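K.L.:
Those protein sequences? They're chains A and B, same order as listed. If you're matching positions, the first sequence starts at 45 in this note's numbering and goes up one per residue. If you're matching positions, the second sequence starts at 495 in this note's numbering and goes up one per residue.
These aren't lab readings, by the way, just hints derived from the structure by calculation. Each hint should be verified, as a subset may be incorrect.
[What the hints assert, rightly or not] Beyond 10 Å from chain B on every Cβ pair, some chain A residues (computed):
#1 Q52
#2 E78
#3 T110
#4 E112
[What the hints assert, rightly or not] List time: in silico DSS-like cross-link candidates among lysine-lysine, alpha-carbon distance up to 27 Å:
#5 K546/B <-> K130/A
#6 K93/A <-> K82/A
#7 K130/A <-> K82/A
#8 K53/A <-> K130/A
#9 K546/B <-> K565/B
#10 K565/B <-> K130/A
#11 K546/B <-> K581/B
#12 K93/A <-> K130/A
#13 K581/B <-> K130/A
Bear in mind that the values here come from a model prediction, so they are computed numbers and not experimental data. Even glycine gets a Cβ: it sits at the ideal position worked out from N, Cα and C.
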Amino acid sequence: MNGEPLVQKVVITNPQGFHMRPMAAFAQLASHFESSVKVCREGQSVNGKSILDLMLLAAAQGSELTLEVAGSDAQAALDALVQLLKMPTEDEPPQPTVA
Amino acid sequence: MRMSDFVVREAIVPDLPATNKEGVIRAMVESLRAAGQFRGADLEDIIRAILKREFLGSTGIGRGVAIPHTKHNSVERLVGTVAISQKGIAFDSLDGEPVHVFVLLISPQDRPGDHLRALENVSRSLRDDNFVRALRGATTREEIIALLDRAEH
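Bound conformation, chain B alone:
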C-alpha cells in the first residue's frame, strides 16, 4: 500500500481555513464527502467519531504532524486525505507544538490490517523532515499531489 492508494486527490485541502481541532476535522471530512467518498447523511456521525477518538488521546504525534482517524461503516475501503495549515493549529500534540500537516483516515470496521498498513505508509513518508517541510510549504493541491507521488519509493 502506498499513500496515493488511499489519499483521495480531490479531497486534499491545501490551505486549511480552520483555527481549531474540530474545524480541521470538519473541513477534512467535508472535503472527503464532497469528493463522493461516503453518503452525506454520514457526515456528522463520522466527524463525531473522529472527535471522540481525539478525546481518548490526541493523534498529534509531534513534529507538526497529526493523523486523526476512525473506523466507520460508511466506507467500503480505507480512504484518507491530507490537509496543510501554514500557520499551524493547536491539536494537543504529544510534543505540545502546533500541527501543520494532517493526514485523516477513515477505514472500514472489519479491516484493522489495512489501517495499520496505512499508518506504516504515512510513517515512511512523514519520517523524512525534508518531505514534511516541503508539504508545509505547499500552497496548492497540485503541489501536494506532486509531493505525495514523489515520496513513493
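Okay, chain A solo, but in the shape it has when bound:
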C-alpha cells in the first residue's frame, strides 16, 4: 500500500465552522474510500471516517484543517473531501459579493 499519505490543508470558511451536518457528510464520504483519512488541527489528529472523532476538532470559521489520506484511492478521496469542505451547506448560501 502507498506508504506516504497525501496531505492538503483546508481553511474552514463557513461562519458556523465545521459543524455537525458537514461532519456527517464528511465521515460518510470518507467511509466510501478504502484509504485511511486523518484530519488534524492544532496537533490533534482524528479519524475522518468517524463523526464522533470529527466532533473533537471544534473547528470554528478560520480554522485550518490538515487532511492526511493514505491508500489505493487516496487522490480521489482527498479531492472529494476537499471539495466537500469548500462547499457551503444548503441553509448557508455563499455571501453575495459586494460590487
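For this one, chain A is given, so just place chain B on it according to the hints.
P.N.:
What follows is chain B alone, placed relative to chain A:
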C-alpha cells in the same frame, strides 16, 4: 467547557416516555421549558426548528447516541439536556440502530464557537463505551447527574 456547564440538571429526562423522534424532541424541549430556560411562548418554535434540522439529516450519530440541536434567539447562553430511553427509539441514525442516549442543545444564534465546543465535550464523554453503557442503565436523574459529574476530567 464541560458537559455540566450546559446540561440543565432539573431538565434531565431519565425515562423517556416517547416512542418516536418528535416525541423525544418534544419531551426534552418541554423539560427545558419547565426548568425555566426560555419563555413558554417559544416552545413550539424551538421544537419546530429542531425537527427541521433533523429533516436535513439525522443527528443520530450511531452507537445509540443522538444530538438533536438548533440555534434559537430564546436562549442567551447554550443550554442542553440529556434523556435516556431504555428500550431505544428509531431516529434514522447513521448506523440504522435505535437511540438510547440523547443530548439536546439549544444555542444562541451568534455563538457558533460555543456550539462546536459543546459538541467536542459531548464527544469526549460519549466516546467512552463504558460511560454510554452506564448512562443507558441509569434510571434516575440523580444517577445521570452523578455519571455526568464523574465523566469530567
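K.L.:
List, from low to high, the hint numbers that the structure doesn't satisfy.
P.N.:
As far as the earlier hints go, only 13 is violated by this structure.
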